Structures are given as C-alpha cells and as structure tokens.
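So the sequence lines, in the order shown, correspond to chains U and V. Those letters in the first sequence? Residues 1 to 81, per my numbering, in order. Those letters in the second sequence? Residues 1001 to 1147, per my numbering, in order.
Hint data in this document are derived by calculation from the structure and do not stem from the laboratory. Please read all numbers here as calculations on a predicted model, not as lab measurements. Certain hints may be false.
[To be verified] Selected chain V positions facing chain U (Cβ under 10 Å, derived; list incomplete):
| id | residue |
| --- | --- |
| 1 | ASN1084 |
| 2 | VAL1085 |
| 3 | GLY1086 |
| 4 | LEU1113 |
| 5 | VAL1117 |
Backbone N, C-alpha and C define an ideal beta-carbon position, used for all residues, glycine too.
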Amino acid sequence: MKVTLRLFSIAKEMAGFEEREVEVASGAQAGAVLDILTGLNPRFTDWRGSLRLAVNQEYVPEGHLLRPGDEVAIIPPVSGG
Amino acid sequence: MISLTNEPLEIQRVIASVDAPGAGGIDVFIGTTRDVSRARSVLWLEYEAYEPMASTMMERLAQVAHERWAVLNISIAHRLGRVNVGEASVVIAVSSAHREEAFAACRFLIDELKKVVPIWKREFFADGTVEWSRQVHEQQGITTEGV
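Model the full assembly from the supplied sequences, consistent with the hints where possible.
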C-alpha cells in the first residue's frame, strides 16, 4: 500500500526530498518508514532515537499501524519558540 | 487566536486580541532571536513548520491551558521564514481575572510549545555555516504531556 512521507528540517536534508509517496507492506507499522529512510541514507541510524513520527498530523509510536493513504511525517527534534 | 506567519509579528495586535472586560491582567511572553548560539555569532534564523500540525498542536495547548487554569483568552503567534537577530519569533498572550493564572498558563504554553509543536529553527552563522538547531539532548525523555 502507498503512504505519503513528509520530511522536515534535518530529516529532509538527509533524505534529499520533502515529500514522496512510498510503498509499504499492508499492515506495516509507522516505524517501517524509518527503515526505508535508513536504506536511503545510513545517517538516519544515528538519528533514529531522536526522530518522532506523526501520522495524519498526530504523534504516534513506531508500532502504530499504517493505513493506505496515510500521511506519515518524520519529526526531528523541534526547536520553535 | 493561533497564527503562523511569514510577516513580522504585530505584538500589540496579539496583546489586544486577548483583551476582555473581565481581565485583571494580561501576561505576555515574547521570544526573540539571540545573536549567539553555542558561543558562535548568529546573523539570522529561519523557521520552518509542519504548518497544519503546528496549528493543531498550538490550538490543543491552548485548550489544555484553558482546562487547567481560569484564563479568559489565549493567543499564540509564531513567525516562520527569516527572522533577523533581535526580532520576535513568538508571542504568547494570556488574559485572566487574576495574574497567577495568566503567568502559569503563559509559562506552560511556551514550555510545551518548545517541546511538541513541529517548528524548526535553522541558524545562519557569521562564519558562513548553516545548521539546524541541535536540541537533541534536551529532547530526550520528554513526553507529550497533555496533548
């Protein structure tokens, strides 16, 4: 199934893109997109503990089950304010 | 009023937006951009946001503050894009009948905003380097309390 991946800040820089449709296995967990990104750039391994995930604009744990068409965002440590 | 804008923040307008006949006071926090980061000289900053989620999270923080403290109105305005040193990057205003509630809610709002709202700061240094602000260590072990 397809989900839309959205990247920000350092994650966008490491991946080299901002938004992309990616294919994940049916019943995949949100953390699966981190495996895809690590495959693209091994630097994601160092960041894994610091990246949070949001599905359809809500923070979720890595084990959250994805559905077709979900928007999955990679949220690096925030620094607003 | 919750807003994300690429324009300079209109501080007076944010303050006026929380005015209420029953207010005994308005507490205001203004975050401004510092000229030094990690002992290096900063020229300007650039902020980016996951805009719809950032707005939702700010709305939710305001809701939580309303549930916890007897406050009247809350406004949060965050700037995006380039922000020069000394300019305001965030303005939070809270009105309440009595000052304790406004102080407490305002403090909660800026503290939580810095932890959970998806906004990122990029620092442009005088030496020509550009870096995403590193706050990894401060982030560890945080919870998204209340949101």
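Status of each hint after checking the structure:
Restraint check, ASN1084 of chain V versus chain U: the minimum CB separation of about 17 Å is more than 10 Å; hint violated. Violation of the interface hint for VAL1085 of chain V is found here, the shortest Cβ-Cβ separation to chain U being roughly 16 Å, above the 10 Å cut-off. Because the beta carbon of GLY1086 of chain V sits about 16 Å from the nearest beta carbon in chain U, more than 10 Å, this interface hint is broken. Annotation: interface hint on LEU1113 of chain V holds; nearest CB of chain U at approximately 6 Å, less than 10 Å.
For VAL1117 of chain V, the interface hint holds, since its Cβ comes within 10 Å of a Cβ in chain U; the closest pair sits about 5 Å apart.
Taken one by one, the earlier hints fail for this structure at numbers 1, 2, 3, listed in ascending order.
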